[in-house]
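Peer 1: Sequence lines, in order, name chains A and B.
In terms of my numbering, the first sequence opens at residue 1 and continues consecutively.
In terms of my numbering, the second sequence opens at residue 1001 and continues consecutively.
Incorrect hints may have been included.
[Claimed, not checked] Mimicking DMTMM-like on lysine to aspartate or glutamate, the simulated pairs with C-alpha atoms at most 25 Å apart in a straight line are:
#	chain 1	residue 1	chain 2	residue 2
1	B	1114	A	105
2	B	1114	B	1076
3	B	1114	A	95
4	B	1114	A	116
5	B	1114	B	1043
[Claimed, not checked] Computed beta-carbon distance windows for the label pairs:
#	chain 1	residue 1	chain 2	residue 2	range
6	A	74	B	1099	20 to 26 Å
7	A	32	B	1117	22 to 28 Å
8	B	1013	A	70	49 to 55 Å
9	B	1105	A	39	36 to 42 Å
10	B	1080	A	114	39 to 45 Å
11	A	45	B	1134	42 to 48 Å
12	B	1116	A	117	16 to 22 Å
13	A	101	B	1054	17 to 23 Å
14	B	1032	A	115	38 to 44 Å
15	B	1049	A	32	35 to 41 Å
16	B	1053	A	89	22 to 28 Å
17	B	1112	A	45	20 to 26 Å
It is worth saying that the hints were derived from the structure and are not from the lab.
In this text, a Cβ means the ideal position worked out from N, Cα and C, and glycines have one as well.
The primary structure of each chain is shown beneath.
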Amino acid sequence: MNDASAERFERTHTASVRTLVQYAGASGDFYEMHYDLPFAQERGHPELSVHGLLKTAWLGQMVDDWFGGRGRIVSFEVSYRGMDFRNQPVTCGGEVTRRDGSMVELALWTRNAGGDTTTTGAAVIELDDP
Amino acid sequence: MTAGIGTSASPSGDSPALARLREAVGWRGPERIDVVERRHLADYRRAMDLDPEGVEVPPTICACFLSEPPPMPAAEAYGLGWINGGDRFEYVGPRLTLGDELRSRLQFTAVREKRGRSGSLAILTFVTDFVRPDGLPAVRHIGTRIRR
């Protein structure tokens, strides 16, 4: 990765409770569902959930690394289809869906350990030198 | 019906909690001024599994300058809690770098209710424009947040 030529790319992250607390501190999102297990369970969730915007941060960084500073992100969006939970691997992926001159469109996703898609998304990139 | 939602419908058929949300469309949070600071950047990068010493600003840094969950009083009356439905970032100007200052203000722009077998939920849209001190836009964030 890092040259915008790869057509498909993936990487995996796993968030521990430490990660979730670090993210809460950095982002200011201290919603208890991400670090208070009884709070999460009272709301019907089996475990502490990974912040949606942390998954988005991983996806955004993956896209950023893909074009390696040789362009810019025009837009980037995600839709959360399912929750991911602490200590479970989250696979972030991207695939080129269209190239038109300097403009590239990507499809993005995250998948949980069971292979279920938990996030879908898309990005539009303008490359400096297509 | 999800707990926390009122049971007396308004003339429009909306529950009181949904009616309150509809009335709140246009609500704006307090203005914020945030700076991309070195220590904050290190904390954010660390949480993302990046080298905290790095100075490159991740494209989603503005997520740190959102008020999450949205501090809108009308939302608390509907459902038990928040779920994040989605996020969109639109990049307008030059990439953010260390030291950049941004002004922003959260705005509640829309609500719709969805009813399913497991109850009702309200889908809320919030828009935040991040603007540089000289007034030039930098990033627009559109957040879909769910009360259930």
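Peer 1: Against the range 35 to 41 Å, how does the distance between the Cβ atoms of residue 1049(B) and residue 32(A) compare: consistent or not?
Peer 2: At 23 Å between Cβs, range violated.
Peer 1: Does the hinted range 17 to 23 Å hold for residue 101(A) and residue 1054(B) at CB?
Peer 2: With a Cβ separation near 31 Å, residue 101(A) and residue 1054(B) fall outside 17 to 23 Å, so the hint is violated.
Peer 1: Has the hinted range 36 to 42 Å been met by the Cβ atoms of residue 1105(B) and residue 39(A)?
Peer 2: violated, 29 Å
Peer 1: Can you tell me whether the CB distance of residue 1013(B) to residue 70(A) sits inside 49 to 55 Å?
Peer 2: holds, 54 Å
Peer 1: Check the following: the C-beta atoms of residue 1116(B) and residue 117(A) are separated by a distance inside 16 to 22 Å.
Peer 2: With Cβ atoms ~20 Å apart, the hint holds.
Peer 1: Please verify whether residue 1114(B) and residue 95(A) have alpha carbons no more than 25 Å apart.
Peer 2: violated, 31 Å
Peer 1: Decide if the proposed pair is consistent with the structure: residue 1114(B) and residue 1076(B), CA atoms, cutoff 25 Å inclusive.
Peer 2: holds, 17 Å
Peer 1: 20 to 26 Å was suggested as the range; check whether the CB atoms of residue 74(A) and residue 1099(B) agree with it.
Peer 2: holds, 24 Å
Peer 1: Determine whether the Cβ-Cβ distance between residue 32(A) and residue 1117(B) falls within the hinted range of 22 to 28 Å.
Peer 2: holds, 27 Å
Peer 1: CA of residue 1114(B) to CA of residue 116(A), is that 25 Å or under?
Peer 2: holds, 23 Å
Peer 1: Please work out if residue 1114(B) and residue 1043(B) have their alpha carbons no farther apart than 25 Å.
Peer 2: Not satisfied, since the Cα-Cα distance of roughly 37 Å exceeds 25 Å.
Peer 1: Is 39 to 45 Å a correct range for the gap between the Cβ atoms of residue 1080(B) and residue 114(A)?
Peer 2: violated, 26 Å
The structure fails hints 1, 3, 5, 9, 10, 13 and 15 (numbered hints given earlier, in ascending order).
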